[in-house]
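Residue numbers (the working numbering), protein chains in the order written: chain G, 67 to 367; chain L, 67 to 367.
Keep in mind that the hints were calculated from the coordinates and are not lab data. Each hint should be verified, as a subset may be incorrect.
If chains are identical, the list can't say which one is meant, so a pair holds when it fits in one copy or spans any two.
[Unchecked claim] Subject to a maximum C-alpha distance of 30 Å in a straight line, what follows is the list of computed BS3-like cross-link-like pairs (lysine-lysine):
| id | residue 1 | residue 2 |
| --- | --- | --- |
| 1 | K304 | K168 |
| 2 | K168 | K311 |
| 3 | K168 | K309 |
| 4 | K68 | K223 |
| 5 | K111 | K363 |
| 6 | K223 | K236 |
| 7 | K363 | K316 |
| 8 | K113 | K363 |
| 9 | K68 | K311 |
| 10 | K311 | K346 |
| 11 | K157 | K168 |
| 12 | K223 | K246 |
2 protein chains.
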Amino acid sequence: MKLTVLGCYAATPRSLNNPTSQVLEIKNQLFLIDCGEGTQVQLRKSKIKFSRINHILISHLHGDHFFGLPGLISTFRLLGRTNELHVYGPKGIKEAITLFLKLGDSWTNYPLVFHELTSTEPERIYEDDKVSITTIPLEHRVYTNGFLIREQLAERKLNVKAVAKYKIDKCYFQNIKNGKDIVLDNNTIIPNALLTFDPPAPKSYAFCSDTAFSRRIIPWISNVDVLYHETTFLETEKRLAPKTKHATAKEAATIAKEANVGLLILGHFSTRYQSLDLFKEEAKTIFPNVELADDGKEFDL
Amino acid sequence: MKLTVLGCYAATPRSLNNPTSQVLEIKNQLFLIDCGEGTQVQLRKSKIKFSRINHILISHLHGDHFFGLPGLISTFRLLGRTNELHVYGPKGIKEAITLFLKLGDSWTNYPLVFHELTSTEPERIYEDDKVSITTIPLEHRVYTNGFLIREQLAERKLNVKAVAKYKIDKCYFQNIKNGKDIVLDNNTIIPNALLTFDPPAPKSYAFCSDTAFSRRIIPWISNVDVLYHETTFLETEKRLAPKTKHATAKEAATIAKEANVGLLILGHFSTRYQSLDLFKEEAKTIFPNVELADDGKEFDL
Numbered sequence: 067m068k069l070t071v072l073g074c075y076a077a078t079p080r081s082l083n084n085p086t087s088q089v090l091e092i093k094n095q096l097f098l099i100d101c102g103e104g105t106q107v108q109l110r111k112s113k114i115k116f117s118r119i120n121h122i123l124i125s126h127l128h129g130d131h132f133f134g135l136p137g138l139i140s141t142f143r144l145l146g147r148t149n150e151l152h153v154y155g156p157k158g159i160k161e162a163i164t165l166f167l168k169l170g171d172s173w174t175n176y177p178l179v180f181h182e183l184t185s186t187e188p189e190r191i192y193e194d195d196k197v198s199i200t201t202i203p204l205e206h207r208v209y210t211n212g213f214l215i216r217e218q219l220a221e222r223k224l225n226v227k228a229v230a231k232y233k234i235d236k237c238y239f240q241n242i243k244n245g246k247d248i249v250l251d252n253n254t255i256i257p258n259a260l261l262t263f264d265p266p267a268p269k270s271y272a273f274c275s276d277t278a279f280s281r282r283i284i285p286w287i288s289n290v291d292v293l294y295h296e297t298t299f300l301e302t303e304k305r306l307a308p309k310t311k312h313a314t315a316k317e318a319a320t321i322a323k324e325a326n327v328g329l330l331i332l333g334h335f336s337t338r339y340q341s342l343d344l345f346k347e348e349a350k351t352i353f354p355n356v357e358l359a360d361d362g363k364e365f366d367l
Numbered sequence: 067m068k069l070t071v072l073g074c075y076a077a078t079p080r081s082l083n084n085p086t087s088q089v090l091e092i093k094n095q096l097f098l099i100d101c102g103e104g105t106q107v108q109l110r111k112s113k114i115k116f117s118r119i120n121h122i123l124i125s126h127l128h129g130d131h132f133f134g135l136p137g138l139i140s141t142f143r144l145l146g147r148t149n150e151l152h153v154y155g156p157k158g159i160k161e162a163i164t165l166f167l168k169l170g171d172s173w174t175n176y177p178l179v180f181h182e183l184t185s186t187e188p189e190r191i192y193e194d195d196k197v198s199i200t201t202i203p204l205e206h207r208v209y210t211n212g213f214l215i216r217e218q219l220a221e222r223k224l225n226v227k228a229v230a231k232y233k234i235d236k237c238y239f240q241n242i243k244n245g246k247d248i249v250l251d252n253n254t255i256i257p258n259a260l261l262t263f264d265p266p267a268p269k270s271y272a273f274c275s276d277t278a279f280s281r282r283i284i285p286w287i288s289n290v291d292v293l294y295h296e297t298t299f300l301e302t303e304k305r306l307a308p309k310t311k312h313a314t315a316k317e318a319a320t321i322a323k324e325a326n327v328g329l330l331i332l333g334h335f336s337t338r339y340q341s342l343d344l345f346k347e348e349a350k351t352i353f354p355n356v357e358l359a360d361d362g363k364e365f366d367l
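Here chain G stands alone, though its shape is the one from the complex (with noise of 0.2 Å):
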């Protein structure tokens, strides 16, 4: 699993700082996450390919996390794209890009799918064998989700040896892996722990911006390896967090902690701040595990 931040600042692009966007690579899928104006420059200058990606997720439909999204789908176009496009939003986000595309009339040539989001609980939205996705409803000042995105379980660990040892078929590998036991001719059980392996821990990413403080997300995310969570704020301006909607570097660290998460990345830094370091002092004081975002900053996890 592995993290590239394309931007990680609030409000609005500047010369060095990008707005939300980010790429989670999990068992060799991309998905992207929101899509602030500048976020197909940064793919580029990530290195990352336009044809990896399939998935795009947006939070909630502010400037800063959503504006970059109609030239991306045009460059898809122009570079030739002929796979699906799956785009998952706030409704409205369908009525917005096909309104832009048609001014313009540059209707794509690739299949361009949108899948509207309203429900205010969370909802599984994608999965397939590999990856589960399912909505964080947040709190915000319109509607926005986070996204848990889940490695699924993988199948159990062949044990080489002791299948071996029990002269047992290669026909029934596949169930083993599955987790049956098997019988054997002599009616012996060979009960399926003693036959293999757990398999790795799947691994899981919370993102979670933009959103005020809120406990009713510590049961979704609970135990996630990692959870990005929103600091528009620093202490010093705790004052604006609530009536903004946004989260201070203490809050996000309190949610980490009563979350029982693994690590916890910082980010959606409001630019007023010249350095941010204060932001990992601040959060360190409530949970040890801390990472600050940075624009073009990949996390391996």
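Dock chain L against the given chain G, drawing on the hints supplied.
This is chain L only, laid out in the frame that chain G set:
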């Protein structure tokens, strides 16, 4: 008159190439012409004050001329703008921008005035005592206008020595500057030409992008000081020009020559070309006074 090129490349924003946008400063007013994705970052890099922009002209609704507009309009709001902003562009632009702002529940708190264009003949879209703007209907795949921006003819300059010699009272000076003759007390008529000098010739700038080669525009841009004309292609890709309704460097130079302009600035280069020198070389075989646009380049005109 000063032109700042923010972006001058075709198709998509890339790490080092920005799509079309430029700022013309004329008589102390700034006019933003086109607004591809990334324009607001380019404005910052060129250190142009956002608050000085009160008029935005959009040639057409292809993404590389327009997809930076929702973000710029939102940023104006975040910067606390209070001045009116006037946006001139093809019909549909109001609906598109309005929808994007509405989806983010972030309508502007400054007056945003749309002037939607539909005419296929040149149309005066702006005029004050110093500057006028007229559309230049272009031939492209979608409805497209260039823009002719002209200084108004200034008042005539008083010949201080001459008015002293004829002992003309101050109260007549404004009439003299306006071109009136003067009747002295002895009924002698002093023709205005003896009392004034010609004002400086009004400067003019024509922006023509995107467009196929079209002699139709020549009378409209005749004798302008500066013509910016698109040249997506070199001669080697000439076959693509009519199909895509773009122009080559030689075609742009032909327009410049036949319209008898002062200076031709070439832009809207396809990103397929490694070097831009050939654009200048090819154009110079037809018209001598050619400059190449470049992102961030300033022309003092």
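Results for each hint:
no. : hint           : verdict
1   : K304 with K168 : between (43 Å within a copy, 28 Å between copies)
2   : K168 with K311 : between (34 Å within a copy, 18 Å between copies)
3   : K168 with K309 : between (37 Å within a copy, 20 Å between copies)
4   : K68 with K223  : within (23 Å within a copy, 70 Å between copies)
5   : K111 with K363 : both (11 Å within a copy, 23 Å between copies)
6   : K223 with K236 : within (14 Å within a copy, 102 Å between copies)
7   : K363 with K316 : within (22 Å within a copy, 45 Å between copies)
8   : K113 with K363 : both (12 Å within a copy, 27 Å between copies)
9   : K68 with K311  : within (29 Å within a copy, 43 Å between copies)
10  : K311 with K346 : within (21 Å within a copy, 53 Å between copies)
11  : K157 with K168 : both (19 Å within a copy, 12 Å between copies)
12  : K223 with K246 : within (12 Å within a copy, 100 Å between copies)
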